[in-house]
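S.K.: Protein chains in written order, with the working numbering: chain W, 1 to 354; chain U, 1001 to 1568; chain E, 2001 to 2318.
Errors might be hidden in some of the hints.
[Said to hold, decoys possible] Think about it this way: if two alpha-carbon atoms lie no more than 27 Å apart in a straight line, the pair counts; the simulated DSSO-like pairs of lysine-lysine are:
#, chain 1, residue 1, chain 2, residue 2
1, U, Lys1267, U, Lys1031
2, W, Lys71, W, Lys26
3, W, Lys84, U, Lys1236
4, U, Lys1285, U, Lys1267
5, U, Lys1031, U, Lys1258
6, E, Lys2010, U, Lys1296
7, U, Lys1130, E, Lys2228
8, W, Lys180, U, Lys1267
9, W, Lys180, U, Lys1349
10, U, Lys1285, U, Lys1130
11, U, Lys1267, U, Lys1236
12, W, Lys180, U, Lys1253
13, E, Lys2161, U, Lys1114
14, U, Lys1253, U, Lys1031
15, U, Lys1375, W, Lys180
16, W, Lys84, U, Lys1296
For the record, the hints were derived by calculation from the structure and aren't laboratory data.
Residues per chain, in single letters:
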Amino acid sequence: MGIFVLGYYGFLIIASVILAYVGWRKWFLMVFALTLVSFVLGIVGGAPALRFVAIFAIVLAVAAMVSFAFKEFLVQIVRPNIAKELRTAPLTASFGMFVIFTYAIGGIFAPLIAPYGQAEVIAGAFAPADSDMLLGADQLGRDVFSRIIYGARNTVGLALIATIGAFVLGALAGLLAAVKGGWFDTFMGRVADVIMSIPSLIFALLMLSILGTSSWVIVVVVAIIYSPRVFRLTRAVAGNIVVMDYIEAAKLRGEGDWYLIRREILPNSTAPLIAEFGLEFCFVFLLIAGLSFLGLGLQPPIADWGSMVRENATLISFGDITPLIPAAAIALLTVSVNFVVDWMLHRSSGLKEN
Amino acid sequence: MTTFSDKDILLEIKDLEIQGYSDETWIDIIKGVDLTLHRGEVLGLIGESGAGKSTIGAAAMGYARDGTRISNGSIEFDGMELTTATEGERRALRGSRIAYVAQSAAASFNPAHKIIDQHTEAPVQYRIQKRLEAQEDAMELYERLRLPNPDEIGFRYPHQVSGGQLQRAMTAMAMACRPDLIIFDEPTTALDVTTQIEVLAAIRDIVDQFDTAAIYITHDLAVVAQMADTIKVLLKGEEVEQASTVEMLKNPKEEYTKSLWAVRSFKRDQKSRPTDGTPPIISVKNIDAAYTGGEKVLDDVSFDIYPGMTVAVVGESGSGKSTTARCITGLLPPMAGEIQFKGETLPPKYTDRNKDQLRQAQMIYQMADTALNPKVQIHEIIGRPAQFYSGLKGQALKQRVDELLDLIELEPSQYYHRYPPELSGGQKQRIGIARALAAEPEFIICDEVTSALDQLVAEGILRLLDRLQQELNLAYMFITHDLATVRSIADEVVVMQQGKVVEQGAKDKMFKPPHHPYTDLLLSSVPEMDPNWLTDLLEERGVENVGESADVNQEPPDGTAGDTKPAS
Amino acid sequence: MGDLAQLVLKRLGYGLLTLLVVSILIFFAVELLPGDVAEAVLGQGATPETVAAMREQLGLDRPAIIRYVEWLGGAVTGDFGISAVSGDPVMQVIGTRFVNTLFLAAYAAVIAVPFAIVLGIIVALLRNSVFDRVANVATLTSISSPEFFLGYILILFLAVKVPLFPAIASLSGDMSFFQLLERTFLPALTLVLVVTAHMMRMTRASIINLLASPYIEMARLKGVPPWKVIVRHALPNAWAPIINVVALNLAYLITGVVLVEVVFVYPGIGQALVDAVSKRDFPVVQAASLIFAGTFILLNLAADIGAILTNPRLRHPK
């Protein structure tokens, strides 16, 4: 038994004793349960398994601390009414906000942060990592780290534009359908049904195989594919508002559709729409990542996370995790957005119950 | 009046505090309430929404709804302390010794099972009766509650039975184990007045027959006066006062109770139609209407409204009174007939009307909460019509808004920049009135404007409407089901039933017999504050001649008449 | 019963109509090509003669409407024309592959559906507990990860670092069923991870929604024990939402399979579609798209009809 294993168990046992003494029941139970599980794990998997648990726990703890600090930081710098909302954010949501913030910085300042250009060949194919190249080189000898930074700008940027497109298209149609009602409403509903009855990835493959894969084609196709989702949600949210008497009063006054949408409906539907924007971004982002993984996304030599996974996939069979890094970058951003959205949805539904 | 002695105490609640979870903190919703209930006693709990009556009702069963917790106090039921009892012990009381009757029977019956199977669930589980015995017993209870076809009705699914019948079936279900205590949580609130009366009669009879104690929760004073031996008044989670029903009605002690009890003192003189040949301001002529794809909901409706007069349109839900309003405003173009404004025909659809025609027909709504956009400031709500119709801008607009706020007796500087959710119910209703006035109309439709408000506030609104009528010579179409309101403010009355006008005329004539049997039924079904009202009425009419069973259709049944509308 | 049959028929009719519109969309989308299929497939370097020959082979000289009717007529009988690249019948290219895909999806579904529904119900009953929160974070993480990320992680740990399963799911004709299960274990597991997360969350939401109904509170206030509240009062009303959850996720499986097939080089219809897209073999693309869309519509249809059939209000009309 090495010093690590002894320290590991010692730490857990002392921690459980302290927690039991101060009476933090939940934490004590968790730590002690972990201790018991670790005995079994230690016997089965040996020191490596315990090391994995320890690293996992440390990463979790660091992430929690960073999230907490970031939340406190945000609470200090924003206006009081927003700060009050922010205080209710759980750690997962704070973590999400922190990650989104980091990606935004990375994407905006990519050329300043990345040591090399995204198409710059600086080493041999699959050159290993050194002090110059943090993550080594890809199949053409380009710096993987720089390409990941640029990817934050290219992939995320593309997904963001497509989401905005889907959102504007869907939300506008949904609001108009709710206000106008009648055949327009029915017709738009049917159009949405048809688009949604073709699986999104399949639809995208079909359209991109026909129209080619320039960035604007991707944006338009993806926006059209995902706009029905926004349409349905907006239609439902606005549908609950248009039955209100104040809308009837405004209609009877003779107000136009545009006034109804802008002054009466939109101010009352911002919360669900913002949450939907987050969800929509996740869908769009995953679709675009999937497309570029299949070689139908942004075209080389532009750095793009999905295609980076594909290009370096052969490394996996040698046990090298380099191709997983861009994939993890995709997953991390999506999960972060989902964490924030989850909190927002929980809040808006919680408010309804009161 | 029975008196109760201390040794018969069934339920004793002391210093009860309940908290609700919202915004990540626990907030007190019940702040130290005491309650004592004797065997066979019926206690009425009354108060506005948010008073905590329903929460106390659930607590009497040792039950805290999701998101609430009993934080302090004791609840002792027949010698057993419920706050410290185990969940199993508490559960063993529910259904067997304490039963519950919910507000919406339609939502509280499980749609997947037959009524009688839900009825027999508790007695079978508690091994009080075998399944078949329990079914026999259920049928007997159905009969006692005067349900039609008592042997058969239990074998239907909940959605196959009308709202009033379902509510009685639920009362029967509560009786299944012959409990010592039943909690009635607003059991007739969702029902029409003519249906309500038979449910009230049935509940009262069965509670009397089995000498069951009950806590009767409601916001309707007239209803509680019929049902309860003792009344407890609650306000925002605290007790205001408690006394026997007779005592409470005669001599309320606290100011708040007095304000609830205040009998409408307001009454104004009845006006009659102008005789100089002035045309009616609004004339509804032979209107038929239907919603798309539905049955006809208005059938040959006609009435006139003259300038400066108030016409009350009364009827139950589904009678077509609100639909008539929708036809007048142009939201629902009629299939036949027309609406005339000062003798000229209005386009049937509001989108085809010009600004001046739109301006003339303003509405004030029942629920001020949904009538005002919560995200728009008061000055914009009131100012928008003035800006829209009269083109006012800048200083002139601000002046007009101030003027309107003065008119509705709200201090302009205080309310100018506020949002509707910051105001009280009465203030919101006043803003709704100001918005209608901002269009400078000659005719206003008031849709149940006072029914969501407390007595005193409602009376203030009625006085305001009357003052405005005199100052601005407004004509009102007053949609209501509350006869006290009709008495105090109407000049003429139109009675509607199932889309038809059954009777119309000047108010004084309408309140004097003889009148149409439906008018009679409607007038007599509205509960009054007198504790003997229900008893007297039942003696007068007989139990078989109230509510759904009373036959008041003016025409021989044509298939649709007499159908009961299930409550949704 | 009349109402019920009418509703089901109406829904069936609507499903068929949707399928028809989708087939029109898929067929005529190709007409958006600059030039035509022959030019697109052969590229710019082709001689006019070869282009003309291919046009004749694919029947492109006739009006699009006629070709559509023929194509749809063929599709109904399983004949999707011939591949523009290989010249083989499309059905020969994708027929067995479709069966492979169905096998993989079924494999994943058999594991995921019971697992996810049971877990979803448990999480709903334990809502707001530590277990619920951990499950929430775990499922969110799982649905946020692209399928290829999960797939490669599984390959890294279960095929490369600890060689338990093959990383490449190639099939051959003479494999036993057990071998087949072993070969396709990793792709199936990838799908299971994603779909279970989705399904669990949806099951949890619909059960919680159900438990908030007044009739559940009524049952509790009637003294019905907790297990009986679930079995007798919640479950009979939970079928519609659960059927819906299952069908939606099976539909999701059918498309999620594309990326997983590519990661594991599995000979399914998704692979064929991706290959055809890169070779611009439009008859194959159209056929595969129609098959995917058809399955998707069918499953949605099944969900809706299931919901109609289990609704007590519709089963026992007035």
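S.K.: Now tell me, hint by hint, if it's right for this structure.
M.R.: Now for the hints, and whether the structure bears them out:
no., hint, result
1, U:Lys1267 with U:Lys1031, "violated (39 Å)"
2, W:Lys71 with W:Lys26, "holds (24 Å)"
3, W:Lys84 with U:Lys1236, "holds (26 Å)"
4, U:Lys1285 with U:Lys1267, "violated (30 Å)"
5, U:Lys1031 with U:Lys1258, "holds (22 Å)"
6, E:Lys2010 with U:Lys1296, "holds (25 Å)"
7, U:Lys1130 with E:Lys2228, "holds (18 Å)"
8, W:Lys180 with U:Lys1267, "violated (44 Å)"
9, W:Lys180 with U:Lys1349, "holds (14 Å)"
10, U:Lys1285 with U:Lys1130, "violated (62 Å)"
11, U:Lys1267 with U:Lys1236, "violated (31 Å)"
12, W:Lys180 with U:Lys1253, "violated (55 Å)"
13, E:Lys2161 with U:Lys1114, "violated (59 Å)"
14, U:Lys1253 with U:Lys1031, "holds (21 Å)"
15, U:Lys1375 with W:Lys180, "holds (22 Å)"
16, W:Lys84 with U:Lys1296, "violated (53 Å)"
Figure legend: structure checked against the earlier numbered hints; hints not met, in rising order: 1, 4, 8, 10, 11, 12, 13 and 16.
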